[in-house]
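Enquirer: Each chain, written out:
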Amino acid sequence: MAVPSRDLGRRAFLARMGVLGAAAAVPALAAPLAAPSAAASPNLLPPLVGLLRPVLAELARDTISGLVVMVCPGPDAYSKAQGTPRPEPGALEARGADFMLDALDHFVPFPDQLATPLAAALTTAVDDIGLPPPGLLGPLYPTVWSLDRVLQELLENDETLPLSLVVALLLNVVATQVNPLALNGPFLSPFARLTLDEKCRAFELLEGPDADLVALLDSGLPEPLRSSISGLLRFLAGALLEFSAFGSYNEWGVYDGASRRLTERPVGWELSGYQPDGVVDGWDDFLGYYEGRTEVEA
Amino acid sequence: MRDVIVIGAGGGGPVVAKELAARGLDVLILEAGPRHADPDREWTHYENDANNPLTGFLRFGPADREAPAWYRETPQNSFIWQLSGVGGTTQHYFGNCPRAYPGVFAGYDGADRDLYDTSHPFPFAYEELVPYFEWVEATLPVQTAAMGTKEQVFFRGCEGIGLQVQTTKTTTEDSFRPQENAILQPGGFAGRVTGRDDPRLRYPSATGCTFCGYCMQGCSKPAGAPRNLAAKRSTDNSYVPMALTATSWAAGGRAAELIADAVVTRIHSEERGGETVATGVTWRDGASGETRREDARVVVLAAGCTESPRLWLNSRLPNPNDWVGRGYTDHFFDWVIGLFDDDTGSSRGAASAARADFPGRGGMENVGLPPGLQQFAAVFSDSGIRGHYSNGRGPTGPWDGAAGRMIGPELKDALMNGVDRLLNILCITDDDVEAQNRVTLSALPADEHGPVPKVSFHQRQRSARTLRNREFVARRAAETLRAAGARKVVRVDWPPLLLHVQSSMRMGLSEADSVLDAHAEARWVKRLFVADNSALANSLGGPNPTLTAQALATRTAEKIFSTYFGGDPWVGSESPVVSTDARVTEALLTRT
Chain A
1 MAVPSRDLGR
11 RAFLARMGVL
21 GAAAAVPALA
31 APLAAPSAAA
41 SPNLLPPLVG
51 LLRPVLAELA
61 RDTISGLVVM
71 VCPGPDAYSK
81 AQGTPRPEPG
91 ALEARGADFM
101 LDALDHFVPF
111 PDQLATPLAA
121 ALTTAVDDIG
131 LPPPGLLGPL
141 YPTVWSLDRV
151 LQELLENDET
161 LPLSLVVALL
171 LNVVATQVNP
181 LALNGPFLSP
191 FARLTLDEKC
201 RAFELLEGPD
211 ADLVALLDSG
221 LPEPLRSSIS
231 GLLRFLAGAL
241 LEFSAFGSYN
251 EWGVYDGASR
261 RLTERPVGWE
271 LSGYQPDGVV
281 DGWDDFLGYY
291 EGRTEVEA
Chain B
1 MRDVIVIGAG
11 GGGPVVAKEL
21 AARGLDVLIL
31 EAGPRHADPD
41 REWTHYENDA
51 NNPLTGFLRF
61 GPADREAPAW
71 YRETPQNSFI
81 WQLSGVGGTT
91 QHYFGNCPRA
101 YPGVFAGYDG
111 ADRDLYDTSH
121 PFPFAYEELV
131 PYFEWVEATL
141 PVQTAAMGTK
151 EQVFFRGCEG
161 IGLQVQTTKT
171 TTEDSFRPQE
181 NAILQPGGFA
191 GRVTGRDDPR
201 LRYPSATGCT
211 FCGYCMQGCS
221 KPAGAPRNLA
231 AKRSTDNSYV
241 PMALTATSWA
251 AGGRAAELIA
261 DAVVTRIHSE
271 ERGGETVATG
281 VTWRDGASGE
291 TRREDARVVV
301 LAAGCTESPR
311 LWLNSRLPNP
321 NDWVGRGYTD
331 HFFDWVIGLF
341 DDDTGSSRGA
351 ASAARADFPG
361 RGGMENVGLP
371 PGLQQFAAVF
381 SDSGIRGHYS
391 NGRGPTGPWD
401 GAAGRMIGPE
411 LKDALMNGVD
421 RLLNILCITD
431 DDVEAQNRVT
441 LSALPADEHG
451 PVPKVSFHQR
461 QRSARTLRNR
471 EFVARRAAET
481 LRAAGARKVV
491 RVDWPPLLLH
501 VQSSMRMGLS
511 EADSVLDAHA
521 EARWVKRLFV
531 ADNSALANSL
541 GGPNPTLTAQ
551 ALATRTAEKI
561 FSTYFGGDPW
571 VGSESPVVST
581 DARVTEALLT
591 RT
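The listed protein sequences derive, respectively, from chains A and B. Position 140 of the first sequence, counted from 1, bears residue number 140 in full-length UniProt numbering, the numbering being contiguous throughout. Position 104 of the second sequence, counted from 1, bears residue number 104 in full-length UniProt numbering, the numbering being contiguous throughout.
Since the hints were made in silico from the structure, they are not lab data. Heads up, some of the hints might be wrong.
So the derived label-pair ranges between C-beta atoms look like this [stated by the list, open to error]:
id, chain 1, residue 1, chain 2, residue 2, range
1, A, Ala77, B, Asn321, 53 to 63 Å
2, B, Gln461, A, Ala77, 41 to 51 Å
3, A, Gly278, B, Asp38, 15 to 25 Å
4, B, Leu467, A, Pro109, 29 to 39 Å
5, A, Gly185, B, Asp322, 49 to 59 Å
6, A, Pro47, B, Asp38, 47 to 57 Å
7, A, Arg265, B, Asp341, 18 to 28 Å
Here are some chain B residues pointing at chain A (derived, C-beta under 7 Å) [said to hold, decoys possible]:
id, residue
8, Thr44
9, Pro75
10, Phe155
11, Lys169
12, Pro186
13, Arg192
14, Leu201
15, Phe211
16, Ser347
17, Gln375
18, Phe380
19, Ile385
20, Ile407
21, Gly408
22, Lys412
23, Met416
Note that this is a predicted model, so its numbers are computed, not measured. Note that the Cβ used here is the ideal one computed from N, Cα and C, for glycine as well.
With the rest of the complex left out, here is chain B (with noise of 0.2 Å):
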């Protein structure tokens, strides 16, 4: 019998883990995909063997890269970009860690109050979730970003539409400022030499972020550093590190145990004086195809916001309310292209490190990609093809032409304009939970691990709210643009990219539209809790999950052990060991 067994080494997973590794409990840990253990020799810094969706090594499948990739359905023109392993999504996330906006939060009584999802807000108060962004912010570490040739032209047109500067990490008004994020500050060499194969890049010679331009293939650099050291604080490097290590740097902590291409597929429970009480987990053996089955004291289902539904479907665990799997938020996404005569930096450095928030509205951020994803998302369009149809929508504004995808010549031009000579920039709406938005079980043949999810997506039936704050944001996106020095601005008007995903599992004030009640713990089922982003209560007003999810995760950790271990929560009373700490490094130095 274990203490713990945490579904899921994702963004949210390992720090549940890590958290009561620390405190000295016996924590299981079982991850669907690989383990990555060695990324300098197991990844590439190319693009489609990294981002693949059906082949590359961070794409959504089993461990073994000659299996298929695991199918879900999609009903609609979307794409998910969710990713197996270990670290999850936060694999080939841009590390950005913008705190949740107070106004979605319980008792917020602020003059902007009913801009917000006014029906779906967290079930407490801003101010208590203040120790936990704290606390993760401390561990990660997350930084102001250094800023690159792409962040000053993105500040350039910030500031030539008369946004303010942000210098707080509470946001409460629209301004613009640095990511606060979860990337190492570049030192030595780093960010100073181009190079491949120079020592001067190496560790520890370069230190913290060496602008490598790579994030989305996963971060190893600097070349030679410990894996808690590598400049992208994922959770592979970050808290998982930290969970496996925890004797050497908290007192009483004991090691979590992790096993990848371990694919959990059923939940277990039992009736207990009148409740229904989870009591573990049977998981597959993806080498061996075996199955093996665990009990624990309490069971953290983070299997993000496409498979934790599903697994809860296919453990048949109560759903009263047929809530399980529904107000699947994906912030709406939009996307904005700029095109200049001159550079832009656009391939270089952290793959975002520059935003700008509209609080009650959104926010959007700079984003760099390689050519193949560059075009991809430029093609990815509900809005047909520019200058041919427009799908019934094509919206104009300050942009040129009507939105849509660029294809043909035009396409190709833009790009041979140079990938270091344009600038997009991702447009975060803050979005309505809406119930229609849903993770259900698909008809579509099952695989090993029974039925899979299928994720419907009403594009066009989203609230009045949700539709003006994207109309809003797209505005500002182009005009930022413009006053950066674009010479060409083309709206994208993506369909539902499901990357900053939420909610799904929701956490909430009413039994009648949530999963999970004020401390994640599920409604129905005792002793199940939820800690990745599907716990989220709302789209947090537009700004990047993770963070959020983490934060919610540490406090979820503290009512876990303070409601079933009997130990008393540490947040506030104690000072955070940060991710990076000597004695982390050593520990995984002496494992390996």
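Next up, chain A with everything else stripped away, as it sits in the complex (with noise of 0.2 Å):
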């Protein structure tokens, strides 16, 4: 039987998103999507967005954990997939990845109205971008139309749709185009499954100057969210790094807010050598005056 081309259009998105190999790896989620008909009807759609909420908050966890290993790899599995693996702790003791989760979550008191066009742009401007469809997930294709509507239904109606989620598609998203071979692999996500250098590659692609992932995501929006949602996108791909090494190398992660104080010492404190017996008052570093004086003439 011949496999219709816009069918693969939609299934090379997905997988390429990490979604469809996601929804493969639930048996739950598969059932339902393998009958089309029935999924099709608008009335079944919101006990699927329930089942693939859950899924996209692993698929997102999973992207930013590869994300976060990226400026302070350890003893993790990604990490080890990334091609650095390190004995002492990373990112991920630090629960880095739960802060930046946390962070991109409420970086906007607004998330639909950031996240929803952003996610929009990105399924209009990656649907036909060819890449070949992932071979191994062949059997899953009928429910395809399904689970796009699903999806769609998800990023069209969340009001509290997670920025995280959507970065971490943007990134999935870039994941492929550097490798395709990332459609397939441990993890849920294909960034997760990138080595270092080929993550550096992906941030490339969103950073660049002139970048075109960027231009491909503003064509589909309308003024003025167009200029600010790429601002958007140029803006983040620099925070995602330097808020995954603030987060990894602070006290967050071990920090009681009740309390004010620390449950532990902070895997960057450890790491560092910072404060070696914890909070001060003062240190004893006065060193007097550079030749001698404490006041100079106007």
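Join the two chains into one complex using the hints; note that each chain is given alone, in its own frame.
Expert: Right, dumping it as structure tokens:
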């Protein structure tokens, strides 16, 4: 049987965002999706959205885990996959992924107003990019349109659509541009499957001064959102790495806000030798005054 | 009807408030963020708890930390580091108080006069501002910084590249020196004891800077000190306490009123005799959500370089030359990191107590940071990822490899070398005022205070002079680190980090490219003055802007007093009271 080309496009798009692979990993989701006629019924979409949501949350966590080990590799599987395993604790031990998920989802007080058009742009822009369909996912192709509709439902109608998910989908799309083989492998996220060098190339695509990707995403949006979304993408390309570094090396993961104390020594402090005996009221480091001058003339 | 309403209790507004309260005027200060009246209870020394831009107690947001931070649109790789709250951005500043270079003022005729931004000078001479510099230096007070290990390392580097030592407050040639800073010098056991909960580090056994290393997290040390004796002279420790206690230390003074968690949403104006005149403000009470209105004879706008133009535009005030929000300068910072084999003391002591200046080019200073911010700074780049891609830039020079962000094993190894075995140098460019860098109103959703600002910086389109100056300073920074003994030097090539922000409501000689006249009064709205960094005419030649903004705000207070309240100027004819004066201390203790 010939596979309709439009179907191939949708399937490639879902696979590249990591959604198809994630959905396939959840039998409960695959079953209703196997009945396209039922899933096509609008009143059956809400329960499918409910099934898809936690899968996408896992996909986002997987992707962001692959991100934070870029700045602080450790003994975890993600660091190993990117080719830089380290014996001492890293970003995941410091809860850097949790920090980033939390930060992204609270970055703007109006998440749906940024995330939804961004997601819409993403789905529009990558729809017809020519990547070969993932061979291993062949048996799922009749379900693609159902899954696509469920995803669209989620992206377009969820007032609390997390920015972390949209960022994860974006990173995964770019990951498959860098390395089409990232469509298959360990983890839910194609981005998390890349080597460190490939992840860097993904960021090169994101933050390039004339990034084709930004132009692609931008073209599907009306003004004035168009420039705002491309501007946000340029901001994010830098911020994703900067804040992964900030969050993976500071005390966030072990701070108890109620008592305003640390529950254990932060990973970043241990790695860097910062404050060997905890916070201080002062240091014995006063060495006097340069050339003995305590004041100068006008 | 108030005499004066001051919008914003950051680095500039409290200066006007204190000066005019001392003259007996009825002054109301409205601050959008929290009061932080009890830092011992409200603050910690943790960098995420303090500095997280979304949730930290020193973030840019409302008093309720559970509520979202205020979003500002930045359509490029950049970072706005603005703070709300009483003290504004001075809550986390490093207290550095160099004077502006003489070359950025009108009438300068030194041999190097053509090296500066000659298109955008201050509309008066350097000599005119000197008495105001002196007044502020005495009030804060500004003192010669004490030296710690990281200053010693920095000085070693400066000596190694053959720089001269500067021993005056006015900078005239390439030179280095301890910072002239607004941090009280250590006394008693301060700086001589390492410890926590050690009674020797409590006031009064310790006075001034205890070298605790937490300048970025707000200063409340020495523990137990009255607020006006906290080591770092952020305005919440200096000018605000003086404004609130003016009756106690100024003959005929009248205590200013401060309302925090109060966002001004509109400046009112009316037509009078063919002129537009400011008449008062409306503000929103953050706790109740209610709006209130109050009239005043004079309104002082001091909300900061991003928020002042936003409020102007949201108030629909006149903007005939379209320069409101334009000319935003940021000292086009860069960051160079040296890795050493020996102790540099980077995380100890005042965050930056040493500097070097290059008139006509800019300057540089050492900076110590805690690990999270250290890594943030090392990853904040417009040159891609070192060893992987250059993003079209990646300049090479006396640093190792191409400029760019470190990442992966290289980044981790750099920090594991020891946060106290590295030294950072912040490169501060003498950058041109450029109309293209600006604040406008965003098309993204408005908040409860109206349309939000959009801050656009054209990183790669700066003037040839700005670009040349930045390269010069970055090279000097790398050479200094080498001379100090660094075995590896990394240049990061920062994108715009909006921290030394200036000039977005600039005063100027020409009506064509300025918003304020030479008195800092708005050209098209009488009785409306601007008293924050946005009023500065240019980037000062590179020196940190707080002192100059405060000197200018002092001068502006005099202009307000003489123009609209029939009084005489006082700077030059009277002696300033220092903010650590016992009468201020006593009055603060009485209030609480």
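Enquirer: For every hint, state whether the structure bears it out.
Expert: Status of the hints after comparison with the structure:
1. A:Ala77 - B:Asn321: 53 to 63 Å: holds (59 Å)
2. B:Gln461 - A:Ala77: 41 to 51 Å: 44 Å Cβ-Cβ, so the 41 to 51 Å window holds.
3. A:Gly278 - B:Asp38: 15 to 25 Å: holds (22 Å)
4. B:Leu467 - A:Pro109: 29 to 39 Å: Holds: the Cβ-Cβ distance is about 37 Å, inside 29 to 39 Å.
5. A:Gly185 - B:Asp322: 49 to 59 Å: Given range 49 to 59 Å: holds, Cβ gap about 54 Å.
6. A:Pro47 - B:Asp38: 47 to 57 Å: holds (51 Å)
7. A:Arg265 - B:Asp341: 18 to 28 Å: holds (25 Å)
8. Thr44: holds (5 Å)
9. Pro75: At about 2 Å, which falls below the 7 Å cut-off, the nearest Cβ of chain A leaves the hint on Pro75 (chain B) intact, so it holds.
10. Phe155: holds (6 Å)
11. Lys169: For Lys169 (chain B), the interface hint holds, since the closest Cβ of chain A sits about 5 Å away, which is under 7 Å.
12. Pro186: holds (5 Å)
13. Arg192: holds (6 Å)
14. Leu201: holds (4 Å)
15. Phe211: Result: holds, 4 Å to nearest chain A Cβ.
16. Ser347: holds (6 Å)
17. Gln375: At 4 Å from the nearest chain A Cβ, Gln375 (chain B) passes the 7 Å test, so the hint holds.
18. Phe380: Constraint on Phe380 (chain B) satisfied, holds at 5 Å.
19. Ile385: Ile385 (chain B) check passes; min Cβ-Cβ to chain A is 5 Å, inside 7 Å.
20. Ile407: holds (6 Å)
21. Gly408: Nearest chain A Cβ about 5 Å off; hint holds.
22. Lys412: holds (6 Å)
23. Met416: With Cβ-Cβ at 5 Å, under 7 Å, it holds.
Hint compliance for this structure: no hint is broken.
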